[in-house]
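Asks: Taken in order, these protein sequences are the chains called A and B. If you're matching positions, the first sequence starts at 1 in the numbering used here and goes up one per residue. If you're matching positions, the second sequence starts at 1 in the numbering used here and goes up one per residue.
These are computed hints drawn from the structure, not numbers from a lab. Errors might be hidden in some of the hints.
[Claimed, not checked] Quick list of the computed label-pair ranges, beta carbon to beta carbon:
#, chain 1, residue 1, chain 2, residue 2, range
1, A, Val125, B, Phe137, 31 to 37 Å
2, B, Phe142, A, Arg92, 41 to 47 Å
3, B, Gly382, A, Arg122, 44 to 50 Å
4, B, Gly198, A, Leu205, 19 to 25 Å
5, B, Leu385, A, Arg92, 43 to 49 Å
6, A, Arg122, B, Phe142, 52 to 58 Å
7, B, Phe137, A, Trp178, 31 to 37 Å
8, B, Gly178, A, Trp178, 50 to 56 Å
9, B, Val226, A, Gln195, 41 to 47 Å
Model, not experiment: these values are computed from the prediction. C-beta: ideal position from N, C-alpha, C; glycine also.
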Amino acid sequence: MTETGGWPEGHPPPASEARQPLLQLRGISKRFGAVQALSDVDFEVYPEEVVALVGDNGAGKSTLIKTMAGIYIPDSGEIWFEGKHVPVHGPRDSAALGIATVYQDLALSDNLDVVANLYLGREEVSSPLPLISEEKMEFRAREVLKSLDVKIPNPRNPVAALSGGQRQSVAVARSVMWKAKVVLLDEPTAALGVQQTKQVLELVLRLKHQGIGVIVISHNLANVFEVADRIIVMRLGKRVGTFVRSESSEEAVVGAITGAEFGKFKPQE
Amino acid sequence: MSAGPAPAPAAGQELRAGLDSLRRRVTSGDVGSLPVILGLVLIWAVFQYLNPNFLSPRNLTNLTVQIADIGIVSVGIVLVLLLGEIDLSVGSVYGLGSAVMAVLSVKQGWPTAPAIGAGILTGTAIGTFHGFFFTRFRIPSFVVTLAGLLTWFGAQLHVLGETGTINLTDPTITQLAGNFFSPTVGWILAVAVVAVLGVDVIIRRRRRANAGLPSIGLLGEVVKFVVIAAVIVGATAILASDRGVPMALLILLGFIIGFDIITTRTRFGRHIFAVGGNAEAARRAGISVNSIRIAVFALSGTMAAIGGIMGASRLLAVNYSSGTGDILLNAIAAAVIGGTSLFGGRGTVWSALTGALVIGSINNGLALLSAASDVKFMVTGGVLLAAVTIDAVARQGRQRAGV
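Throw the hints in and build the complete structure from the sequences for me.
Replies: Below, the structure written as structure tokens:
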């Protein structure tokens, strides 16, 4: 395994360094007009690991996530998946590798039921008549929801009837349904109450225990410290710090986010 | 961080879930076809009270022939409304499609099938054209189809030329709306349809059981089946006691059943609902949103032209005013009165039938009472406003319930 970027001083490499990263970005740069959104950024996520990506607004988190999702094509840099250099020319390439993105606005169809949403765009049909195989789909949908311990009274109810946490869970379950190996979550708890936030964080851990590499963007450091194994801090388009959760404090992470000296600021919500 | 305790599956859970689902549907404004059926019963009761001939087999048979063209056009409108769009050109396409058929059949002496085919394909081509402009240039659909309304009416005048009115002579074309099947044929069809419906319910229940899924409430399914079977048998009995089963009604029902299967049980249909519900989600799920939109506008144009041909067959002629007047507004009103939402993603093809029955009953009943157009337009307008109000109120209910 080669680390092209190296670790910032003072931060140890992850405990799992001996293993091969599931997804690795090397030296990614991306410029939008006059703005250098990403400059020479390295990133890696291992199987069965939760990585939190934190940073202030405009730090480049979303650009980095969208690069992984194939929405942005980097100006330079390489994307490696399971030890192989892979070409990612668009969202389809990324999806084909097993990288699933759960966006902030969830991308669910309110008027369709949970089963239809889980299978949206990939409905199973019978032969010879090309009719949708509802029973087969519902069976698999119930299985996946159960494996993630997502509690939904009836998967035949429209998504409009679900709570925010349940909707987020359905969106996450959709990625598991299609054998995602890496799941990108953009602010998964942003709009949720305390109880629902807890549900979603538990779901993140269950994803991890299924062997999936989970990448979470979040502004909520309390949540981050609850689930993340490593915390990668971005500032002004650069990766400025990597923290192993068990060996670091919220103060240190906040310091890295703001660029201030460690320990001077108390973390805010 | 451990999983919560799994609830023990109780026997009463199924019943509770069923009741819960029903309450959720009503409180969240998912009222479906209930208001239109209640409305239809009310309208029929009022007209029967005012004129005892209204519910006679002869008049009800006439009614089914009269609504065939509007119902068929309305099927296309339902599909467009499911996308959350609108097609204002269907009246002009109705007129142009029938004009093309009439000119080819009468003036050019084309055989029946090619003449009808050309009329229908004119509608398909126009719908595709609208869909292309709507998706490629992102012009709102009501503007694209408003331009279509004017353009294709002009084309209709041009195609009809100097004479203005073309009387249809081809016997097959005039039979489309004029032919009746014998009561025997009607009963055979009725029994076949009821049998297929019953078998479908049994097959689906068995498939759910085989897949180990919780079964749907048996009582509800039986009640639904009995009600539908009773309507089919009752309608057949009424038609059989007059002139038999009108071919126009069978054509309308054939389209409705066909498009009901397409919208509820195929991927294409599922994707129409997905695009109408959340186009961005559909796009991210890999659905080709623009292809769906173009296909739906093509279908809307096709159904409008078929409706025009049915209308021409009933009136035995095509002229400058074919497709003008209240065809467009009645077709849209029928879809909305039938319970298809103007806001996209919610509705069923059956609303074309129930809505057309409401509009047709008002026109027919007022004609029996010798009421003039003034009353007819005002009553139809009132019913439409009531239907749209129900839709809007239901939508607010959904928004309250849906967080």
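Asks: Given the hint of 50 to 56 Å, is the C-beta distance from glycine 178(B) to tryptophan 178(A) inside that range or not?
Replies: With Cβ atoms ~55 Å apart, the hint holds.
Asks: Please check whether glycine 382(B) and arginine 122(A) have a Cβ separation lying inside 44 to 50 Å.
Replies: This hint holds: roughly 46 Å between Cβ atoms.
Asks: The hint says 43 to 49 Å between leucine 385(B) and arginine 92(A); measuring C-beta to C-beta, is that right?
Replies: holds, 47 Å
Asks: Could you tell me whether the CB distance from phenylalanine 137(B) to tryptophan 178(A) stays inside 31 to 37 Å?
Replies: Cβ of phenylalanine 137(B) to Cβ of tryptophan 178(A): about 34 Å, so the range 31 to 37 Å holds.
Asks: Holds or violated: the 19 to 25 Å window for the beta-carbon distance between glycine 198(B) and leucine 205(A)?
Replies: For leucine 205(A) against glycine 198(B), whose Cβ atoms are near 49 Å apart, the range 19 to 25 Å is violated.
Asks: Take a look at whether the Cβ-Cβ distance between phenylalanine 142(B) and arginine 92(A) falls inside 41 to 47 Å.
Replies: violated, 33 Å
Asks: Okay, arginine 122(A) versus phenylalanine 142(B) on CB: inside 52 to 58 Å?
Replies: violated, 33 Å
Asks: Are valine 226(B) and glutamine 195(A) spaced within 41 to 47 Å by their CB atoms?
Replies: With Cβ atoms ~44 Å apart, the hint holds.
Asks: Mind checking the hinted window 31 to 37 Å against the Cβ distance between valine 125(A) and phenylalanine 137(B)?
Replies: For phenylalanine 137(B) against valine 125(A), whose Cβ atoms are near 33 Å apart, the range 31 to 37 Å holds.
When each numbered hint is compared with the structure, violations occur for hints 2, 4 and 6.
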